[in-house]
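Asks: Take these sequences, add in the hints, and give me the full structure.
Number of protein chains: 2
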Amino acid sequence: MSRIIGDNMENSRPHKVDIHYCTGCRWLLRSAWMAQELLTTFEDEIGELTLHPGSGGIFEVHVNGERIWSRKEMGGFPEITRLKQLVRDRVSPDRSLGHSDRNTSNT
Amino acid sequence: MSRIIGDNMENSRPHKVDIHYCTGCRWLLRSAWMAQELLTTFEDEIGELTLHPGSGGIFEVHVNGERIWSRKEMGGFPEITRLKQLVRDRVSPDRSLGHSDRNTSNT
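Just so you know, the sequences run in chain order U and L. Its first residue numbered 1, the first sequence is counted upward by one per residue in UniProt numbering. Its first residue numbered 1, the second sequence is counted upward by one per residue in UniProt numbering.
Simulated from the structure, these hints should not be mistaken for laboratory data. C-beta: ideal position from N, C-alpha, C; glycine also. Be careful, since some hints might not be right.
Selected chain U positions facing chain L (Cβ under 10 Å, derived; list incomplete) [as the list claims (entries may be wrong)]:
(1) L29
(2) T40
(3) D44
(4) T50
(5) E79
(6) I80
With a straight-line Cα cutoff of 30 Å, these simulated DSS-like cross-link-like pairs (lysine-lysine) come out [said to hold, decoys possible]:
(7) L:K84 - L:K16
(8) U:K16 - L:K84
(9) U:K72 - L:K84
Replies: Spelled out as structure tokens, the structure:
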């Protein structure tokens with residue numbers, strides 16, 4: 001019984017997230033924290049979240065192959081609420097993220 | 001310049017780890033903790049570590065596609081030292097893991 005429910009739930013998690021981080025910069029901890037935030041908030045949407053150790057100051061987040069954050073381009077790290085909005089827009093666009101969810105796309 | 005160094009380092013991390021966990025059992029936290037332990041200990045060996053939300057009481061760890069732990073088969077979760085030995089045997093077999101590294105393969 002739980003097998004059947006399980007299989008159905010797997011199928012309903014089609015989205016893939018990738019986080020690339022620089023080991024030399026010691027960004028594993030913040031990357032793993034962001035991973036847990038995303039896997040908690042998008043429990044029914046994300047089917048895979050991969051951490052990629054890298055170098056050279058890399059910090060990037062990709063959703064289904066699309067880069068949604070680059071530290072080098074954006075000039076820093078995302079606020080977790082902003083990161084969740086960017087992921088939400090790709091995996092569950094109609095969903096509200098609650099009281100912290102404001103339209104910041106024009107800022 | 002850092003690009004070139006970065007690419008070279010990526011090539012030296014050929015191994016892939018996958019952790020499957022049951023969301024209904026709330027095993028994300030222990031899975032993410034184990035992920036961070038493995039990525040810290042095998043910083044130069046693991047190129048990708050993927051967390052897979054699942055259901056039905058699943059907890060499995062795979063290295064390069066080989067299942068090295070199954071909660072259902074082994075009857076529980078691995079000690080972190082044991083898990084590191086199992087990963088080490090696949091990704092860096094000649095390496096010692098220090099004072100906690102004893103031969104427990106016969107126990």
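Asks: Each hint needs a verdict: does it hold in this structure or not?
Replies: Hints, verified against the model:
1. L29: 7 Å, holds
2. T40: 7 Å, holds
3. D44: Since the shortest Cβ distance to chain L is 9 Å, the answer is holds.
4. T50: 4 Å, holds
5. E79: 20 Å, violated
6. I80: Because about 15 Å separates I80 of chain U from the closest Cβ in chain L, which is outside the 10 Å limit, the hint is violated.
7. L:K84 - L:K16: Judged against 30 Å, a Cα distance of about 14 Å means the pair holds.
8. U:K16 - L:K84: 26 Å, holds
9. U:K72 - L:K84: 34 Å, violated
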